Amino acid sequence: MAPSQTSHVPTLDSLIKAFDSQSLEASVESLIFLLKRRQVKGDECAKATAHILCQVVTKSTWHDVDQLISRVQITGSRLARAAPMEPVIGNIVRRVLGLIRDEASEDRNADDGGSDAGSDIQALPASANLPQKPHPLPFRPPPSVAAAGLQVSKSMFNLLSVADTSDSLMTGASTPMSQAQPTSMHALRSEVKDGIDEILDEINQADDQIAGFAEIQIHPGDYVLAYQPTKTVERFLVKAASKRRFTVIFAGLDSPAPGSAEPPYAALRKRLNAAGVETINLASNGLMAYIPRVNKVIFGAKAVYQNGGLLVNSGCCIAALAAHEYLKPVIVLSPVYKFCPEDPSDEVLRGELGNPSSYVSYANGPAVEALDIESTITEYIPPELIDVYLTNLGPQTQHHLASILADHYKTEDINFAVHLAEP
Amino acid sequence: MSKQGAKGGAAAGAKGKKAAKPGAEEKSEDVLQAVIVADSFQDRFRPFTLERPRCLLPLANVPVIEYTLEFLASNGVQEVFIYCGAHSEDVEHSIHESSRWGPGSPLSPFSALEFIRVSDATSIGDFLRDLDKRSMISGDFILVHGDLVSNIQLDAALARHRARREANRDACMTVVLRSVGTQPHRAAKARGITPVYVVDPTTGRCLQYEETHPLQSEHYLNLDPSVFSHPQFEIRTDLVDCGIDICTPDVLALWSESFDYELPRKNFLHGVLKDHELNGKMLYAEILDDGYAARASNLQMYDCISQDVLERWTLPFVPDSNLIHDQTYRRVKDGSYLEDHVVLERGAKVTRSAIGEGTAIKTGSAISSSIVGRRCKIGKNVRIENSYIWDDAVIGDGASVVHSVLAGSVVIGANAVIPEGSLISYKAHIDNGVQLPSKPPARISVLTDDKRVAETDVSLVGKGGKGALYEVVHGEEESDDEEGEERDPTVLQSSLIYSLEGLNLSTSSISTLASDDEYDSDDDVSMAGSLQTSESGRTRDRLSSFASDDASKPESFHNDAVHGLIDALRADDSDDFDSAKLEFMGLRLANNASDSAMRRAIAVAFVRRAAELLRPDQGGLEPTKAASESLTSKKGAVKFIKEVGVGGEGVTEQAEFALALQKALLGVRDLEAARGGALLAALLQKLYSLDVLEEEGILAWWADKRAGEGAQMDALKEKCRVLVEWLENADEEGSSEEEEDDEDDDSE
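Heads up: the sequence lines are chains A and B, in that order.
Residues in the first sequence are numbered consecutively from 1, following full-length UniProt numbering.
Residues in the second sequence are numbered consecutively from 1, following full-length UniProt numbering.
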């Protein structure tokens, strides 16, 4: 019998599989420790957050919107604290909170006026060339909708959920939400769940959508410098390669994983070469020499802050600086869910420290003792070095970031973690 | 909660609710089990371990066992069995209380976590034999120690282990090792013992295991001849053994078969590899080049790992990961980590350190490369370097603490000086202005070794102080029985390794990390120190013999051999010496004792017996009678001395034996020099008449400078003058032919 290759190491996938078999609290706890142990990191965080919040919505007990919101806030802030260097977690939490608020007010609207209150607010910036989504992204409802607190419900659902009335009135009487007539929490639950599924779809499709702009951004004969290409950048380049002939220069090479003889980015280079795109691997000290030849610099961001600054893998900043000096455009690929409605924290500005072993082997005794090794794995890029933010909603400049943020987050959710008392 | 829960819970848990947790794509796949040995039967962390078990001592403000559990959780282990020895209630309590690990807690990443207590366990071997009896282990399991700090992902190693096991049922264990390079390294330096692995690089099979250490007399290893049957093998000493073993249940059976194995490495690994022909088992070594793994197995390693944690080698197990729920560490400037509610006054400087919640540091203080616990109060202008300060400590203004460990609730007075290597245990107070001794560094505890409250030593800790110098009571046999539950005497007695490592801790300090030279000098200090103290203690005895050189062989061999021989000599019922001889030779082979060690043991045994016979209560025999009684009462004893004790025809051997006798006499208590000398003369004469020693041998001894070193030796020697003169005369009377014959003998 062939030996089993089953891995015991917990991952996000194994956690998601285990959702059904364990309690919500256990799932949250597992995810928190997956985050703390860096077994879930980077782009996975967004997905993980959405999944776990979906569990919170479906599994936890709540009787009205306020309770649901506070549940999501509490879980969200625990996750955010577990991984302070993954701001995208907070973004997803804010999105879900906004979603809940929208759905709740929408429900009231629907009860009042008709069947599909949401369908007439489809307009999205630059949505023309996007695949049409089943539902619109949540954005701020008109004030009139929020104000419409109807006292009498016409929905059949309410016949069944009369008992909820007293509960919801007692628990959160002070906020406008709870003054809404109790609609069926059941319906809300499934609507919010659908909404989270949409967010998940958005997360999954973002890379493809960004890649859809590849042919606009990359012109034939371009020399494109891709600094430490992330998955998003890879997909972008591959997509561009199917339409254009250009040259890709890879810089900021990671040292190959021990044991693998493959040169860096070998798989990606093969795919690009197959499509007829030339690729060049640059040693890091060759970066400056090539910048004059390069037409544009491309890298992926871990997060984009409201001032336009970026959280990126360390090393990108030097490429951006070099490009800036030579007036070469710097294009950042970042899906909208990575846009943070906040300013970078001190920790982000300082950068996250990784394991020194990427620079000095632990086996190198004298060096270990003699050197103080600070191996930063993330760094902050100030906004003035960035020219174009290529999102899944299309290319944006710094000045339009505010409107994207305003479309996606509600002001009351921006500091969702701050409202909570220290646990 | 322990025993019964263990039996029921494990089986149920295996198929229970969380069978579908990580890695359950295949139903047939066994859940991954792990066994934590949370007690190592050592006292290297004394005096701290008097109050708390070692695995709960804080390392970077997190109990050590948390790292181990987290390591297992990160590898997807689902069932954990913890074997506790000392302080087992404390360990159980702390684990049961924690919502993260508690067996009943739904949050625990483990589907089962059981404590197993073994009441009469005296070694790790006992634990594993007990585990075998319980038959709770269903498949491969990971065996780790409760002091492991590691971020290694075992996936690949597990997969390869399984592949080997599928291919060959006899591949029963994989030892996970981390290579640390050939250059001296702090982790490698701190371990004291260097494991030597002989490995077949093509298959990873482990062929032989040995241990070396700086104090051993023979600086070589014997390779097993079977090693050479492999086309290729590597002898590696550049490995840190972090005690992670991937085992099949067969391993437990092996432990059960070998009832006397105590240590997983020295005994088990060595033994199983040596007896490969018998058991047919194959063990493999998985040598990793990346990842971090180390055991906080002694204070030096504790120091080393703490620094590694601060430098983030152990990522993700670093302070700002906040492994414990209520921790709130953040990384701030200068490579430091601060928790919430840390008050740093202006002018206080913290570099490369971690400071726990609620600690207040007043102005002018400088803390570097240190870890400070929670709620500590640190005064003005305090200097703290490379130190580990646990919760609730109070340090007065102007004090200085360098490379020391201050346990919980320690109070250091103003302007006190705590020099390198000091260990100050729980609740001790050091008065204002006291300067602790730096050589040897002080170990201060408010408890004595047997857990009684120590009488405060005012000269050491000052008038307002509390605590006394902590000394390990090694000297008296009886003291062991009293503290039996705490520390197991047999391990210390029977095994060189533990007593040697005990030496590392008991006399050398954590400061031995600092440099090579210091390491060496520290050893010297420790040996000198041991010479001053008790002469018949187990550890010390071996050391004094080492320092006085002539037999630098394990004291375990010496003690066992001497006891065996004396018992045989004393025995009234039989006059058979053969069994004693057999036993002696067995011991000799088992310990690979050198000739000089044997000579010394035999000399000591016979001299002690003879000296015993001199005593009034034993008959009060005359020296001559006593000598002849001790030598000739048992059949074969004389032959034994001639063949084994002297061990050769040469004059040198004979002189050595005479010298050994003389030294042995020195070691006999309650024997005044005059009678000792008389006894020596009588013994020599008797041996001469029995043809064991020849006159040349005795004369060579007489001429040997070593025989006259020191007043006591000289006094003994003087008593033999008559004998020697008589021999010289006899020699002159002897014919010249004899002389020639003897010279031929010598040259052979």
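Read the hints as simulated data drawn from the structure, not as lab findings.
Among the hints, a few may not be true.
Subject to a maximum C-alpha distance of 30 angstroms in a straight line, what follows is the list of computed DSS-like cross-link-like pairs (lysine-lysine) [what the hints assert, rightly or not]:
(1) A/296 <-> A/41
(2) A/41 <-> B/717
(3) B/281 <-> B/380
(4) A/41 <-> A/59
(5) A/36 <-> B/717
(6) B/642 <-> B/717
(7) A/243 <-> A/231
(8) B/705 <-> A/36
The structure displayed is predicted, hence computed values, not measured ones.
Here's how the hints hold up against the structure:
1. Distance restraint check for residue 296 of chain A and residue 41 of chain A: the Cα-Cα separation of roughly 28 angstroms lies within the 30 angstroms cut-off, and the hinted pair is therefore satisfied.
2. Proximity of residue 41 of chain A to residue 717 of chain B is assessed by CA-CA distance (about 79 angstroms); at most 30 angstroms being required, the pair is judged violated.
3. For the given pair, residue 281 of chain B sits about 62 angstroms from residue 380 of chain B by alpha-carbon distance, which is inconsistent with the 30 angstroms threshold.
4. With a C-alpha separation of about 25 angstroms, the suggested pairing of residue 41 of chain A with residue 59 of chain A holds against the 30 angstroms cut-off.
5. Note on residue 36 of chain A and residue 717 of chain B: the hinted pairing is violated, with a Cα-Cα distance of about 73 angstroms set against a maximum of 30 angstroms.
6. At most 30 angstroms may separate the alpha-carbon atoms for a hinted pair to count; residue 642 of chain B and residue 717 of chain B meet this at roughly 22 angstroms.
7. The hinted pair formed by residue 243 of chain A and residue 231 of chain A meets the criterion: a straight-line CA distance of about 19 angstroms does not exceed 30 angstroms.
8. For the proposed pair residue 705 of chain B and residue 36 of chain A, the alpha carbon gap of about 69 angstroms is over 30 angstroms, so the pair is violated.
When held up to the earlier numbered hints, the structure conflicts with 2, 3, 5, 8 and fits the remainder.
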